[in-house]
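Number of protein chains: 2
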Amino acid sequence: MNEFELIKHYFTKQLVTRKDVLVGIGDDCALVQPAERQNIAITTDTLIAGVHFPHNTSARAIGHKSVAVSLSDLAAMGAEPSWISLAISLPNADEAWVSEFCAGVFELCEFYHVQLIGGDTTQGPLSITVTAQGYTPIDKQITRSGAKAGDWLYVTGNIGDAALALRYIQGEIEVEERYRAALQDQLDFPKPRILAGQVLREYASAAIDISDGLAADLSHLCQASQVGVNLIVDNLPLSEALFDSLPAEQAYQLALIGGDDYELLFTVAEDNKVGMETALANTGVPITCIGQLNSSQKIKTLLNGETVCMDLQGFEHFSLSRV
Amino acid sequence: MNEFELIKHYFTKQLVTRKDVLVGIGDDCALVQPAERQNIAITTDTLIAGVHFPHNTSARAIGHKSVAVSLSDLAAMGAEPSWISLAISLPNADEAWVSEFCAGVFELCEFYHVQLIGGDTTQGPLSITVTAQGYTPIDKQITRSGAKAGDWLYVTGNIGDAALALRYIQGEIEVEERYRAALQDQLDFPKPRILAGQVLREYASAAIDISDGLAADLSHLCQASQVGVNLIVDNLPLSEALFDSLPAEQAYQLALIGGDDYELLFTVAEDNKVGMETALANTGVPITCIGQLNSSQKIKTLLNGETVCMDLQGFEHFSLSRV
Chain A
110 MNEFELIKHY FTKQLVTRKD VLVGIGDDCA LVQPAERQNI AITTDTLIAG
160 VHFPHNTSAR AIGHKSVAVS LSDLAAMGAE PSWISLAISL PNADEAWVSE
210 FCAGVFELCE FYHVQLIGGD TTQGPLSITV TAQGYTPIDK QITRSGAKAG
260 DWLYVTGNIG DAALALRYIQ GEIEVEERYR AALQDQLDFP KPRILAGQVL
310 REYASAAIDI SDGLAADLSH LCQASQVGVN LIVDNLPLSE ALFDSLPAEQ
360 AYQLALIGGD DYELLFTVAE DNKVGMETAL ANTGVPITCI GQLNSSQKIK
410 TLLNGETVCM DLQGFEHFSL SRV
Chain B
110 MNEFELIKHY FTKQLVTRKD VLVGIGDDCA LVQPAERQNI AITTDTLIAG
160 VHFPHNTSAR AIGHKSVAVS LSDLAAMGAE PSWISLAISL PNADEAWVSE
210 FCAGVFELCE FYHVQLIGGD TTQGPLSITV TAQGYTPIDK QITRSGAKAG
260 DWLYVTGNIG DAALALRYIQ GEIEVEERYR AALQDQLDFP KPRILAGQVL
310 REYASAAIDI SDGLAADLSH LCQASQVGVN LIVDNLPLSE ALFDSLPAEQ
360 AYQLALIGGD DYELLFTVAE DNKVGMETAL ANTGVPITCI GQLNSSQKIK
410 TLLNGETVCM DLQGFEHFSL SRV
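Chains as they are written, first to last, in my numbering: chain A, 110 to 432; chain B, 110 to 432.
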């Protein structure tokens, strides 16, 4: 089976056809007709086997995650996802694998009404690059740079579970059997916070997704906004699984630098706090206030009301092999 | 040097800042404000070392080519390039290499006023994925599927020189020294036919870029348009270098299946023939009429007025290692 047949057979099986896509897969380019009075958010992410996911990850999970990580970036901007392009490099043309991979891609595309509009299939070590695009109404995007001293810092969902799952797989941390399936699911099938992002357009002063780890991404947000923060470590939303698997301080530490959570970290001015909390409560997305910004340009970590020294170095490529 | 510093130091050194880019590199997403009454053409291509370019290709040439192949797809659609996203996987963070690579990327971006709006840097075997976007005025795009029986078939520039350069590097074909530098340049620094594509919006019934080889891409165009063609092989525009390096029939054969030419193959209805030839003459882009379409859905090759049997199989991934 050659390149073109592969693309035709599997990547064209999607069920989503959007009205703003005039030409889809199969020509030199896709052609889209952007909605009026909307800007377009664009993000590109690469996932490499053995770096961004364990080599034995299921094809469906790899497909899901490839799309989810890019949609998570759109969520952090407050965008409504619309189109993705997918470039995949495969060691060989294994039809069963490609079929399962596409199932993972398309499940998420169908849920969010996102159309796959193009891509490229090449032979090489397993690697996937997704470019995702989405709409934000004019002047309604959320960036990393809008936070101000005095704003409150929030995070969606729980953090640290994906990192715990990875450490368990690597044999570094023991986890009770009753937690394992849910943790694996958290690692393999992250849910981008699209709905929360769109609600936050009206309230948040800044947002970032915490794919690199809470501490690292908080540092990016603080740098972009030129602010600092008092981070209340005991407020970090940790799952029962994480608290049951590690002593509290180690659990907090893992949550700070673990990465792969794909939750949103965002800031809200005092005046928007109540409105934001009410609006997000209506969506059912759990949020937790974990600190307040100041003008120090430093991250100070507090535990039981006292300053503690914690490791805030997130994962960085070229310095650490993860899986 | 870590991922973020790499991106900051080199990928933000570009000189192009477009008014329609509201947020560039450095946030979760880029944000663009599309021009009114324009559609957006989008294309994604991956280049892998040892597959799409020889391992010893210069960093600057790799940077240039990574952008050129995607711009060539935009040209085939008649689009005016606007933004690119670049995902690169590197075996190690070699600063000198990255600097030269970026020089190659930015030369082409500056020439066409294209802004790099985002990307991702990961560690892995050398591979580059570029997603390029561009504008086409509403209802003015060129697709592969608009060709009709009776239309004339044209190609821009010369074909076969990139394939000849590659065969020379591989030691398969001897080339006189006086031709070598220009051939190497043709292989390493292909020029996307952006201007020709934009002119052709007014005249062409269909177009495709011939990155996969003239015969293979002609076959794609014929399939998409449900037409056939009488291809006048003796009309193929071959360089003096190619004619001097191979017997005529072998030279034609290489031009048919060689690939990597990044010229445009396009079709024009009889009524638009003169207008198109005049308009393209004004741009200085050489074109050659190489056949006429019919309703047979077959490609018939003619040499000296007689039907000849030629190999029309272009390069396909998973079946042939090229470099």
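Please note that the accuracy of each hint is not assured.
Since the list gives no way to pick one copy over another, a pair counts as held whenever it fits inside one copy or between any two copies.
Said to hold, decoys possible - Distance condition first, Cα-Cα at most 30 Å in a straight line; then the derived DSS-like pairs of lysine-lysine:
| # | residue 1 | residue 2 |
| --- | --- | --- |
| 1 | Lys128 | Lys249 |
| 2 | Lys122 | Lys257 |
| 3 | Lys409 | Lys128 |
| 4 | Lys122 | Lys409 |
Hint data in this document are derived by calculation from the structure and do not stem from the laboratory.
A quick look at each hint next to the structure:
Taking the closest pair of Cα atoms, Lys128 and Lys249 come within 30 Å of each other both inside a single copy (23 Å) and across two copies (18 Å). With identical chains, the CA atoms of Lys122 and Lys257 are at most 30 Å apart between copies only, with a shortest distance of 28 Å across copies and 46 Å within one. Neither within a single protomer nor between protomers do Lys409 and Lys128 lie at most 30 Å apart by alpha-carbon distance, with minima of 49 Å and 38 Å respectively. In this homomeric assembly, Lys122 and Lys409 never come within 30 Å of each other (Cα to Cα): the closest approach is 50 Å inside a single copy and 33 Å across copies.
Hint compliance for this structure: hints 3, 4 are broken, all remaining hints hold.
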